[in-house]
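Keeping the supplied structure of chain L fixed, place chain H upon it in accordance with the hints.
Single-letter residue listing:
There are 2 protein chains.
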Amino acid sequence: MKDFSHLYSNATKWAKASVIRELLKVTSNPEIISFAGGLPDPQAFPSKKINEMLNIVLKRYPFSALQYGATEGSARLKTELIKWLKKTEKIDVAPDNLLITSASQQALDMVSRAFINPGDKIVVTNPSYLGALQAFQSYNADIVGADSDGGGVVPESLEKCLKQIKSEGKTCKFVYLIPDFQNPSGVTITQERRKKILEIIKKYNTVLVEDSPYRAVRFEGNAPDTFYHLDGGKGNVITLFTFSKVFVPGFRLGYIAGPKEVIRKFVILKQSMDLCSSKILQLATMEYLRNGRLEPHIKRVVSIYKVKRDLMIKALKKYMPAGVKWTEPAGGLFLWVELPKNIDTEKMFPTAIKNKVAYVIGSAFYHDGSVKNNMRLNFSYATHEEIDEGIKRLAAAIKDYAK
Amino acid sequence: MKDFSHLYSNATKWAKASVIRELLKVTSNPEIISFAGGLPDPQAFPSKKINEMLNIVLKRYPFSALQYGATEGSARLKTELIKWLKKTEKIDVAPDNLLITSASQQALDMVSRAFINPGDKIVVTNPSYLGALQAFQSYNADIVGADSDGGGVVPESLEKCLKQIKSEGKTCKFVYLIPDFQNPSGVTITQERRKKILEIIKKYNTVLVEDSPYRAVRFEGNAPDTFYHLDGGKGNVITLFTFSKVFVPGFRLGYIAGPKEVIRKFVILKQSMDLCSSKILQLATMEYLRNGRLEPHIKRVVSIYKVKRDLMIKALKKYMPAGVKWTEPAGGLFLWVELPKNIDTEKMFPTAIKNKVAYVIGSAFYHDGSVKNNMRLNFSYATHEEIDEGIKRLAAAIKDYAK
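One line per chain: the protein sequences are L and H, in this order.
Here the first sequence is numbered in the numbering used here, starting from 7 and rising by one per residue.
Here the second sequence is numbered in the numbering used here, starting from 7 and rising by one per residue.
The set of hints was computed from the structure by calculation and includes no laboratory data.
Using N, Cα and C, we set each Cβ at its ideal position, and we do this for glycine too.
Keep in mind that a hint or two might mislead.
Unchecked claim - On the chain L side, residues computed to face chain H include the following (Cβ under 10 Å): (1) 12; (2) 17; (3) 18; (4) 24; (5) 38; (6) 64; (7) 109; (8) 173; (9) 175; (10) 267; (11) 270; (12) 379.
Unchecked claim - Distance condition first, Cα-Cα at most 25 Å in a straight line; then the derived SDA-like pairs of lysine to any residue: (13) H:208 - L:10; (14) L:19 - H:210; (15) H:323 - H:406; (16) L:65 - H:45; (17) L:8 - H:198; (18) H:166 - L:12; (19) H:8 - L:241; (20) H:8 - L:10.
Stated by the list, open to error - Cβ pair distances, simulated, as ranges: (21) L:228 - H:37: 50 to 60 Å; (22) H:19 - L:174: 20 to 30 Å; (23) H:406 - L:93: 28 to 38 Å.
Just chain L, same shape as in the assembly (with noise of 0.2 Å):
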């Protein structure tokens, strides 16, 4: 067979298989209870609503519904989500300054291609979304990782990275946060801490990339504002959006707010990633925001979610070991474990696959690989008798392991 290694480009080098994606293979087998993933729980799919507004779209505009769209997103659309965003998120947006995307993903890839050249700075919390970290290294950004806790980044943490990357004469392209309901450790950050940042984020001149896949997953409490709301529309945050949690990924579709010069950045290089986004779902969604369908259907998903949160913390309570810790999300879809430091998650996998059980390394979430003692673990997708099995048989694997 033909050698391509004198063709490939240095992007095929960076770009490294995904943990999670290789994980799901491995644990393709029905018999093991996987929290691996980050899939919403298929059962919330409202598939006969989905199949309504299709059939309504495929009526009331059959030709254009299935024609090219304008690379920017649907007008419709954006007619809603400027609606949408005002109601939920109290944001002001013109639609210059949203671009429909083909999900998160596409949103990432898309910050990633218009702020890094190779060996440019970023920071990121130390743990972050791993499908982010795998964008950002693809564009072989040099990552730094500000330290995190229980009320999200550290403001002085995050302020001694930037220190540190300005006193080296160079520039942070971006600071990547996920507020609410991080990936994987299910923090949200306070609004105290919201306020500290962006004045941070000012001072060294950068932009904050905020990601809120989880934000409307919330089971209690007041959420604090986002960074966009914050900022009044002065164009220190751009914010990543998704329906891939709160309707369904299937549809494959999301929307950026940001400053209408760097949209319209994002506009031109879309033109030549994918053209457009799916029209038919662009409108699909569309007349499902317009019937004022997504808000009870939020309701719904958050009704499941927190039931689901709720067993896997009693489970987890009633079988883990002395030494084992996690934490106690408000909303999302991840909680996050930390086990005795000598416990390595990634040597320990194979003890859990003999026991039936899946989660994704901790170390898969630390740009650099370091932290090796922990786990993220999904409590979305399981059902209530998978949560209490696979953490009896988690709890069974940790003693095994340690043994």
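Coordinates of chain H only, in the frame set by chain L:
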């Protein structure tokens, strides 16, 4: 407003706004007859059948259709594509030779990303599809143009380009061709030349990217073999197919056939580009294929476009002044008009708009913008009446401008 100039990457400088997308904005005036876009005729869209397929999919797969899918693409869709390629193109592939993409533009982006480092050499024909040039330029490829004539790219010219690159001690990362009903010229590469070209690709140890969006839209005559078939799975050819022209563009679906090793690299890139393409639309397309709907649908598209091509050629003969030449393509969506050397179609464009007709300027299809006296006309979108009236207006504009 915040200044972003210190934050942007080089990619934002290399990426150029698409001439067509900008032109389309100028021509949104409904009084203007536009031959500028590359839009399929929406009257040919099988909206009713698509509605049926979506209903079936949501009934049969209410959960998995709306969930995340495999990055590689739906295994069910691949099964149907393998049968389709075997039947229609005598192409034998395994599932690992295929990757489902978010249509052709994503495939062009993926090919660029996998092979081009900034400054790398690639070879295209003069002229070439501008969406491909835009993708290649956004990665800062150093593009070399080979000559083409009525039989497609001239093998001797292609070899000269590759020889020159080799003599400079450089590598041609790939050769990009649209062998059938080329965009913009409408020309098809002859069978004899295909064999020669494949030998040249092998001799210079590069790879051929065969872009094949229009191949199935053939009005008359026999199709030469695809390069993929001619290569017999030896790994010298990567072929890009799309459903945009033979089915609907609004689904944003296409597929790449290539060596397993290359497809594996593409899958890793796609993980960080958009995770996966829409599952529900992949399954609806799968049902359409499985029910044997695609073949009769293509026959219908062919019969509609053939009439339109004939009408456009008839109108050109009727209205155009002496000295104007055009290609007579045996398929596809476009023909290519050559005006006398002293007419610059970009400079003439305002005169055309004044005459309420639009086209794409020929120089947009030259990587160096060097040839000025051509225009691309699309015959698939306009109605019969518009084709006659539009060509009449275009002829008047040429006469006006040449005065």
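Against chain H, run the beta carbon of residue 64 of chain L and see if the smallest gap drops under 10 Å. Residue 64 of chain L check passes; min Cβ-Cβ to chain H is 5 Å, inside 10 Å.
Residue 323 of chain H and residue 406 of chain H were given as a pair; does the straight-line alpha-carbon distance stay at or below 25 Å? 18 Å, holds
Satisfaction of the residue 379 of chain L interface hint, Cβ to chain H closer than 10 Å: Violated, about 26 Å.
For the pair supplied as a hint, residue 166 of chain H and residue 12 of chain L, is the alpha-carbon distance within the 25 Å limit? At roughly 21 Å apart (the allowed maximum being 25 Å), residue 12 of chain L and residue 166 of chain H satisfy the hint.
Satisfaction of the residue 12 of chain L interface hint, Cβ to chain H closer than 10 Å: With a minimum Cβ separation of about 6 Å from chain H (threshold 10 Å), the hint on residue 12 of chain L holds.
Hint status (Cβ of residue 17 of chain L to nearest Cβ of chain H, threshold 10 Å): 5 Å, holds
Hinted contact residue 18 of chain L with chain H - closest CB pair below 10 Å: 5 Å, holds
Against chain H, with CB atoms and a cut of 10 Å, does the hint on residue 109 of chain L hold up? 7 Å, holds
Take the C-alpha atoms of residue 8 of chain H and residue 241 of chain L, compute the straight-line distance between them, and say whether it is at most 25 Å. 6 Å, holds
For the hint on residue 270 of chain L, does the least C-beta distance to chain H fall short of 10 Å? Hint on residue 270 of chain L: holds, closest Cβ of chain H at ~9 Å, below 10 Å.
A range of 20 to 30 Å was offered for this pair. Does it hold for the Cβ distance of residue 19 of chain H and residue 174 of chain L? Roughly 24 Å apart at Cβ, these two residues keep to the hinted range, so it holds.
Does the interface hint hold: is residue 173 of chain L within less than 10 Å of chain H, judged Cβ to Cβ? Because about 17 Å separates residue 173 of chain L from the closest Cβ in chain H, which is outside the 10 Å limit, the hint is violated.
In this structure, the hints that do not hold are numbers 5, 8, 9, 12, 20, 23, in rising order.
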